[in-house]
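Protein chains in written order, with our numbering: chain A, -7 to 102; chain B, 93 to 207.
For the record, the hints were derived by calculation from the structure and aren't laboratory data. As the structure is a prediction and not an experimental result, all values here were calculated from the model. Some hints could be false.
Label-pair distances were calculated between CB atoms; the ranges are [claimed, not checked]: (1) N49(A) x T97(B): 21 to 31 Å; (2) E160(B) x M51(A): 17 to 27 Å; (3) P13(A) x S119(B): 29 to 39 Å; (4) T191(B) x D59(A): 29 to 39 Å; (5) T191(B) x N15(A): 17 to 27 Å; (6) N143(B) x N46(A): 32 to 42 Å; (7) P9(A) x D155(B): 44 to 54 Å.
Here are some of the chain B residues that sit facing chain A, going by a computed Cβ distance under 7 Å [claimed, not checked]: (8) K134; (9) L190; (10) S200.
Below, a list of computed lysine-lysine pairs in the PhoX-like style, where the Cα atoms sit at most 20 Å apart [said to hold, decoys possible]: (11) K170(B) x K195(B); (12) K(-5)(A) x K134(B); (13) K94(A) x K61(A); (14) K61(A) x K(-5)(A); (15) K94(A) x K170(B); (16) K195(B) x K175(B).
We put the beta carbon where it would ideally sit given N, CA and C, even for glycine.
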Amino acid sequence: DAKTTQPNSMESNEEEPVHLPCNHSTISGTDYIHWYRQLPSQGPEYVIHGLTSNVNNRMASLAIAEDRKSSTLILHRATLRDAAVYYCIPHTGANSKLTFGKGITLSVRP
Amino acid sequence: EPEVTQTPSHQVTQMGQEVILRCVPISNHLYFYWYRQILGQKVEFLVSFYNNEISEKSEIFDDQFSVERPDGSNFTLKIRSTKLEDSAMYFCASRRGLTTNEKLFFGSGTQLSVL
């Protein structure tokens, strides 16, 4: 599995944008980059995924570097409910499982 | 949106006892998983299941663990003789297909406490 590096934690103010970075320099050309999050006392929840182009959905945007060695999850207006651990996970086609790292803990200040 | 459901939400058991954790995956999904998370630690893969057999298992998934899809809707994880270190949150997950484009849907978990 491709190795990922994320900061341990980040703080944001409510209603402000948040940019959560992830380095995945060993990612292979066919791996999608998935982002999941885990709210307190809940199971992981899908956020977004992409391959090469930037992606948008109702939850977030995903900006993928041109060399695909890094990506950034963008929450356009953080809410208190967005406080969670966010995981960046390259999905290797050879395996069906997702491998979770430590993720980045996002705190949102009111 | 469809959900993966898990029961019970909490299970307390004595060391050495057998426990069965139950999951109902999303109905048109074909691939099923169990993960666990010990308090304060990472979410760890245990096992994947497809076409009524184990596809992959981790080192954690030893002979004390087994999985079953008994009736086409439920997906169970059995721990034959629980140990204190089995105390964790156990998550079931399912996905429709196997491509890297498919997302995984997780249940809300069963908190297992072994006394």
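Hint by hint, here is what the structure shows:
A beta carbon spacing of about 24 Å between N49(A) and T97(B) agrees with the range 21 to 31 Å that was offered as a hint. In this structure the hint that E160(B) and M51(A) lie 17 to 27 Å apart at CB is violated, the actual value being about 34 Å. With their beta carbons about 37 Å apart, P13(A) and S119(B) fall inside the hinted range of 29 to 39 Å. Range check, T191(B) to D59(A): about 23 Å between beta-carbon atoms, so the 29 to 39 Å window is missed.
Taking the beta carbon of each, T191(B) and N15(A) are about 24 Å apart, inside 17 to 27 Å as hinted. For the pair N143(B) and N46(A), the supplied restraint of 32 to 42 Å holds, since their beta-carbon distance comes to about 36 Å. Between P9(A) and D155(B) the Cβ separation comes to about 50 Å, which falls inside the hinted range of 44 to 54 Å. With 7 Å as the threshold, the beta carbon of K134(B) comes within range of chain A, its nearest partner Cβ sitting at about 5 Å, so the hint holds.
Evaluation of the L190(B) hint against chain A yields a held restraint, the C-beta minimum of about 5 Å falling below 7 Å. Evaluation of the S200(B) hint against chain A yields a held restraint, the C-beta minimum of about 5 Å falling below 7 Å. With a C-alpha separation of about 25 Å, the suggested pairing of K170(B) with K195(B) is violated against the 20 Å cut-off. Restraint check for K(-5)(A) and K134(B): satisfied, since their Cα atoms lie roughly 15 Å apart, inside the 20 Å limit.
Between K94(A) and K61(A) the alpha-carbon distance is near 19 Å, which keeps this suggested pair within the 20 Å criterion. A C-alpha spacing of about 11 Å is found between K61(A) and K(-5)(A), which places the hinted pair at or below 20 Å, so the restraint holds. Among the hinted pairs, K94(A) with K170(B) is inconsistent with the structure: their alpha-carbon atoms are about 27 Å apart, more than 20 Å. At roughly 32 Å between alpha-carbon atoms, K195(B) and K175(B) are farther apart than 20 Å, so this suggested pair is violated.
The structure fails hints 2, 4, 11, 15, 16 (numbered hints given earlier, in ascending order).
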